[in-house]
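*Asks:* Which chain is which? The protein sequence lines are H and L, in order.
Residue numbering for the first sequence follows this note's numbering, beginning at 14 and increasing consecutively.
Residue numbering for the second sequence follows this note's numbering, beginning at 30 and increasing consecutively.
No lab work stands behind these hints, which were simulated from the structure alone.
Keep in mind that a hint or two might mislead.
To be verified - Far from chain L, some chain H residues (derived; all Cβ distances over 10 Å):
| hint | residue |
| --- | --- |
| 1 | His-29 |
| 2 | Arg-59 |
| 3 | Ile-66 |
| 4 | Gly-148 |
| 5 | Arg-242 |
Unchecked claim - Heads up, incomplete: computed chain H residues facing chain L, CB under 8 Å, no partners named:
| hint | residue |
| --- | --- |
| 6 | Asn-174 |
| 7 | Gly-177 |
| 8 | Thr-192 |
| 9 | Ile-193 |
| 10 | Ile-195 |
| 11 | Gln-196 |
| 12 | Met-208 |
| 13 | Leu-286 |
Glycine included, each C-beta is placed from N, C-alpha and C at the ideal position.
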Amino acid sequence: MASACEIVVCSESEAHANTCAQAAVKEVHRIEAKYSRYIAESVVGRINASAGISPVACDDETCKLLEFADSLYRTSGGLFDITAGVLNQAWDFKAQKIPSDSEIAEALKLVGWHAVERSGSTIKLPKVGIQLDFGGFGKEYAADRAAQVLQELGVSHGYVNLAGDMAFVGPKPDGSPWTIGIQHPRQTGAVIATMPMVAGGLASSGDYERYFEAGGVRYCHILRPDTGRPVSYWQSISVIAPSTAAAGAYSTTAMLMESEALEFLESSGLNYLAIDRQGQPYHSNASLVSEVKLNHANH
Amino acid sequence: MAVAAAVTKPERTLTDNPARSLSVAAAALALVSGHCVAQTQPGEGMVAVKYLDYLDSQPGADRVRVKARSVMAIVPVSQDWSFAATNTVDAISGASPAYHTAALSKLTDLRSAQDLSVTRFFTNGTVAAGVSFSREADYLSRASSLQMTHLSEDRNTTWNAGVSHTSDVVDPVNRAVKGERKRVNDFLVGWTRVLTRNDLVQVNLGKSYGQGYFSDPYKVFDNRPTTRNSTTLLGRWNHHLEETQSTVRWGYRWFGDNWGVRAHTATLEWVQPLPGAWTVSPSVRLYSQKKADFYIDADTTGSPFPPNPPDDALVFSQDQRLSSFGAVTLGFKVSRQLGSGWTADVKLERYAQRSRWYAGGDGSPGLAPFNARSVQVGLSKSF
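Construct the entire structure; sequences and hints are all you get.
*Replies:* Structure (structure tokens):
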């Protein structure tokens, strides 16, 4: 994981807290090693290497994750597609180049979860070049797993924060909640809103993680698998759900749904905060917040 | 041969409540991870009592409610996104890894370069430790402190205790002395009690022990003792009048030290809310001080030269702040709540000091009356 991560554990003794934190870190590393598409020996690496060749047998954990990806695909109407990672090859964010229509069309040929062949506990990618990418929910799943490790070790105060996807084990030792700030999508170092958290998961998705701007238009890394182009309706969406995996699923799907996101988030009944492209916040009840006060980090 | 389960690309519709099926899927995943808890928030807020401000957080209890404008935050748990400006964020959720390190380092750098304090909250009290540092051209001050508060079970009584150590170095620009040091140790114990639903009382006892350089290097004849030990006794009573919604604040402070200074301070403030979110607070403060034993009376006969200290005097000072005098301060403050917890206020004070107002007899002779006017403007936010 190339981004800043932290695990916060409160315990009676520093030694115990360290032991618990180390166990949680180990779990995160285990998942990263197992599902990173950058590691050839990982489960995802092997599945991708066998694309167009042969099916790959999956263990219990992988099967459940693929099931999860499948239901995400269906309920998002095909927008959340873990084969859409190849589109990132067409969009070069470092070179800040807008790909041509034919380049996008070429990449789109390899996108489509519906074409992936699954039976029992095996999976086969039907064509060479089709790639699986667990990046859309891997971090969130790792956060949930790390939090579970902490709970099993008896931790009841703390949280796991993997680059902004957070799983809460319990409140601060005195019972008060953790104050979590939501990164301001346009101002570095600023927080746009805060939410007290004691349990569950909180995940954020935004157009500011990786992007470039050309001709006054922002091109971000969240690419739609139907058009092959970046979404542009929302600057950022944060969701609170019983698990971080669910929170991440909702926030990413909502980003992909663009103009239909509010209806989707409202019907979920979950607490969300969505910032539209003008910077206006919307939250549970889809009401435009009448007073927008920006948080300022006092530095 | 395995039959592949082909899934056709679905239509994009929202008619069958996809959100619900999504949560089912997440729940299924949760069965793997095991980490799935209901989203609940604790029912009660956290109470911190700071000095005279007291905020009731116990549901169903009948208690005085005084607005708290306090650095020790009282944060009721809510389920709502808060858009108010806040200084304390424990962690940040956001999509950008690059922003985390930068944002976090900026947000944790809230304390000024000069003051650092950490407070640890327990169920029945707090412990706070702090260090501070300030440097001026001629004065370097370093201090560290430790304070504790303890709340009774019924939250009606608070004990507080504090200790601090200050270490100063004086390097006046006129080079009268060089690198003189002063060390002071302060101790404070206090007791605050909510007597009735309309009454709050507080008693504080402070002891200070200082040694080192206390003289004023910018004065011609000024050589003070190398120790200064003092005792302070402070009593306060806040009374709320329900008929007028106003609060009356009485205070009395006694000060005595080993220099012979004895001082009494009596304060009275009336806080009166008015319609339209206005509040007016007239106040009066009466002060009477007996001079330090080594104070030299002003004598204008040799003007412009100040009088020499007596020949056998080891310590002496002509600083009029160590003379016998009385003073009256009249104050008037107007404040208005601006909405969303913001309050703006303006305070005007008129200070008048006269030797003849010394309550214990004749004040120090030869001193001119001293008057001062001050205006204070403030903006604060409570949350």
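*Asks:* Hint by hint, note whether the structure agrees.
*Replies:* Going down the list of hints, with the structure as the test:
no. : hint    : in the structure
1   : His-29  : holds, 18 Å
2   : Arg-59  : holds, 18 Å
3   : Ile-66  : holds, 15 Å
4   : Gly-148 : holds, 12 Å
5   : Arg-242 : holds, 16 Å
6   : Asn-174 : holds, 5 Å
7   : Gly-177 : holds, 5 Å
8   : Thr-192 : holds, 5 Å
9   : Ile-193 : holds, 6 Å
10  : Ile-195 : holds, 6 Å
11  : Gln-196 : holds, 2 Å
12  : Met-208 : holds, 6 Å
13  : Leu-286 : holds, 5 Å
The structure shown violates none of the earlier numbered hints.
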